[in-house]
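Peer 1: Sequence lines, in order, name chains A and B.
If you count the first sequence from 1, you need to add 6 to reach the numbering used here.
If you count the second sequence from 1, you need to add 9 to reach the numbering used here.
Fair warning: there could be bad hints in the mix.
Said to hold, decoys possible - To spell it out: a stretch of chain B is covered by chain A in this simulated footprint if at least three of its residues, at any positions, have a beta carbon under 8 angstroms from a beta carbon of chain A; those stretches are:
1. 194-208
2. 258-268
To be verified - Have a look at the derived ranges for each label pair, beta carbon to beta carbon:
3. Gly240(B) <-> Glu89(A): 47 to 55 angstroms
4. Arg193(A) <-> Thr126(B): 53 to 61 angstroms
5. Gln111(A) <-> Thr112(B): 53 to 61 angstroms
6. Pro564(A) <-> Glu162(B): 43 to 51 angstroms
7. Pro86(A) <-> Gly37(B): 26 to 34 angstroms
8. Pro133(A) <-> Thr36(B): 55 to 63 angstroms
9. Glu162(B) <-> Arg455(A): 47 to 55 angstroms
If you are wondering where the hints come from, they were derived from the structure by calculation, not from laboratory data.
The C-beta atom is built at its ideal place from N, Cα and C for all residues, glycine as well.
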Amino acid sequence: MVRSELRLMSLIWSRLVQLTPPDKLTLAVNGPTSLPPAPVIVNAPLLGGAFGGKATILTEVLACLASKAVGGWPVLVALPREEDLKTAPVGPGLQAHLRLGATRQGRLTAASMQFWLDSGAYTDSAPRMGRAIASGCTGPYRVPNVEADIIVAYTNHTYATAWRGFGHLPFTFCVERMMEKLADRLRMDPLELRSRNLLQPGDTSPSRVRLTVANLGNPRRCLERLKELMAWEKGIRTETTEGNIRAKGAALFWKTSTSDPNAASSAILHLNTDGTVSLTTGAVELGAGTKTALAQILADALRMDVAKISVRMDVNTQTDPIHWKTVASLTTLMVGRAVQEAARDVAEQLKQVASIILRCPVEDLEVGDGQVYLRADPGAHVSWSDIAQGYTYADGPAIGGPIAGRGAFIMRHITPLDRWTGEGRAGPTWTTGAQGVEVEVDTRRWTYRVIKAYSVIDAGRVINPRGARGAVTGGMAQGLSVATREGVSYGADGRFERDQLRLYRTLRIGEEPEEYVVDFVESDAVDTPYGLRPLGEHGVLAMPAAFANALSRAKGSPFDRLPITPEEVWRS
Amino acid sequence: VIAQSFSYHRPASWDEAAILYAEEAKTGGTPMYYGGGTEILTRARLGEVAPSAVIDLKGIPETRELSRRRGNLVLGAALTLAELSDSGWSLLAQASGRVADHTTRRQITLGGNLAGTVFYRESALPFLLVPTTAIVAGRNGTRRVDLAKVFEEGILTLNDGEFLMALEVPLDRLPERSIAIKRTRLDWVDYPLVTVALAEKDGEWIVALSGYLDRPFRAHAVERSLNDGMGTLADRIRRGVEGLPEPLSDVHGSAAYRRFVLGWALEDALNVI
C-alpha cells in the first residue's frame, strides 16, 4: 500500500511541475510586490502529462509556502484522489446560445453567438479560454457577419483549466450541432452544407486574421477524404436486420493556439568527443514522443544518425533552456525551430574551425555524417569528434574549443484581441480536421455501440507517422469518453458528486469502437519545421460532436448536452 | 494508505479467531474480521473505520472450503468471488462474476460481499432464491442458522464478535434453470442500475434484485405478476415493476430509468433462460 501511494504522489508531482514556468511560480509564491523574489527551481522528471490540467498552479504554491513556513525544509504536498478531483482544476463547462442565418441554398450569412464559460471559483485559465473560443467561434466556416459574446463567469464550482483542446472541444460541439440542425432545416446533406461554407485562403477568421494556405491548411480535403473513408454516399442511416439503427455522424474542427505574444523557446547543443551530440531543451515529455521528434529534427539538420543524439530527458529550470509551456500542441513547432537554429549554430562553428584545419573558405564546407568536409572533395575532411572540444595539431598546439550551439524561437505577429473590435491573432497556424462516428442504436433498450470512429487531419507534414497516429487515436478515445460518460456533476445541494474514479467514469479498453480509422492530409504550413502543423490535442476535438450528430440522426431527436448516456437516449 | 498502526492476526481456527476478537474488544480495541480487505482499505483511507486489529479469516480451513458434502454445496465465506466461478453453480458465478473488476474479485470474499457497506451485495442474490444455511462462529461456539434470518435487511447482520464461516445450499434445491443479468449506466465494470437473478422453481419464476433499492431483495411483486398468467408478458412485467417500491435515483441513473431498465432486463432474462 505504501508503494502505491508513493506512485500516486510521484505522478502528481510530475504532473504538477512540468508546465508551470518558474517565473509564474515565483510571482505566485512571493506576490507581485515582495522583492527580491525567492528563486524557485523546478525539477520535472521525464514523464508527466495531464492534458493541460497542470497549466494552472495549485500544489506548487502550497508546497512553497509550507516550505517557507518551516525555514526552507523540504515538504511534501499530496492530494488524495478525492481532493484532487474536487479541488484541482477541471475541464471547462460551456453553454452556448447560437443563431445561424443562411440562404435557402445553404450559404451562411450571419451568426449571433453567446457562450457562457464556467470559470469556477478562480480565474486562472478560463479568460484565455474565452479568448480562444472568441478567435475561432464560427468553426472553419465563412460567416460574413458575426456577433459573438463570450461571458466567463465565476461560479461556486471547481475552477476550470485547459483540458485537451483549450475550450475547443465544447465550443466545437456547440457549433457543429448547430450546423447539423441547419442542415436538417434546409433538408440538405450535413457534409454538403459544411462543404459549401468552408473557409478558404483569402477569407478572414472571426478575429480578422487573413487566411492563407500556410495558416489555414486544407479543410476541404479533410472533409472529402472523410466522406470517402466513411462511405458517406452509401447512406448515413440504415436499419439492421435485427431492427436496430445504424447512423453516421461527422463534424469538423479547427484550432490554433492561444499563445502569449512573446511565447519563446530555446535549445542548447553540446558536442562530445565521441561524435555524439547532447540535446537539452525545456520541453517536457508528455508521452507523445516530443523528445523523439526533436532528436529526429536535430539528426536531420546535422545529417547524422539519430542514435548518436543524447537527449536530456528531465527538465531543470535552473540549468535548462526555457520553453514557454508544454501546452497548446506547439512544442514540436516551437522547440523544433529552436533546435534547427541551434543545429545551424553548431554547423557554423564546426565549419569555422574546420576551415582553418583544411585551409579553405567556410562557404566551401559541408557538415554531415560526423564529418566536416570539402564540398568539392569529400575526401578532404575532419571528423567532429576531433573538433568537438578543441582541435589539437599533431605537433601540439590546439585551436577552437568546446562547441556548444544555441537556438531560439519566438512567436511572430501574435496580438491580443482588440477590446472593441475583437481583432487579433491568437496563434501561429490552424490545424483543421474532419471526424466521424458510426453508431448502432438498440431500439428496444435504447443502448448504443460505437462501431467505428474516423479522423482526417491536416497535419501539414507528418514527421513520425506512428507517433501521430497514436496521438490522434488516443485523442479519439478520450473524445468518445467525454461524449459518452465523462464529466463532473454537482448535486442539488451544490456538492461535487464525482470525487472518486468509481464515479468519474472513463472509457476503458474493451469499451472502444471496433476500429479507429486515422488518415492525414498534408499542406505545407511554411515557416514551421518541415511545414508541420501543431498535432497533439486535435484527435479529441470534434469526436463528441460527431457522436452526437450520429446519435441524433439515429434517434431522430437532438442531443445537445454532454455526456450522452443511454439514459439520455431513452429520455429523448 | 491506512495512516494508523494496527495489529494483524491470522488465526488457524475459528475459536482462536473468536478469542482474539473478544480479547481485543475487552481491552477497548476495535477489532475487525478481515476477508479480502478491500473495504477495510478503502474505508480506513477515508477515515470511516479505524480498526485496532484485523483478524484474517483466511487461515481458518472452514472459511476456505468449496465442496459437495452430504447433499450440500458448501461455500466457505473466505472464498474469493473469482473462486466462486469454480463452484459449479452457474447462477452464483454469474451474479458474483460482475462485481467490481477481475483484479478486485480476486480479493473480495463471499462473506465480505454479503457483509460489506457497498450495498449492492450481488453475491447474495442466488442465496435469496434457495434455502441457505449460514454457519456462524463466535465466542460461544458455532451455530447453524437460516441465512434469511441473518440477512433480513439485505446485509449480513450477526452478533458482535461473530463471523460467517460458510454457507450451505442443498444440492437438490439448486434451480435447474436460472440466470443473472447485470445492467449498468454504460460501462461493463460499474455498479448495477439493476442486477436481476431469475430462476424457475416448481414451475414458477422466482426473482431477486440488486441495485434497484439500497439493498438486495427478493422481488415478490414481480414474481406474483410473472406467475399469475394474466395478460401478455410485457403486461406482466409492467405490473410487476409497478408493484415494487420506488427505486433509487442517483448518479448512476434516475428512478424512472431504473424502472425502464428493469423491465427490459427481465424481458432479456426470460428470453435467454
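Peer 1: Flag every earlier hint the structure violates by its number, smallest first.
Peer 2: Violated hint: only 9; rest satisfied.
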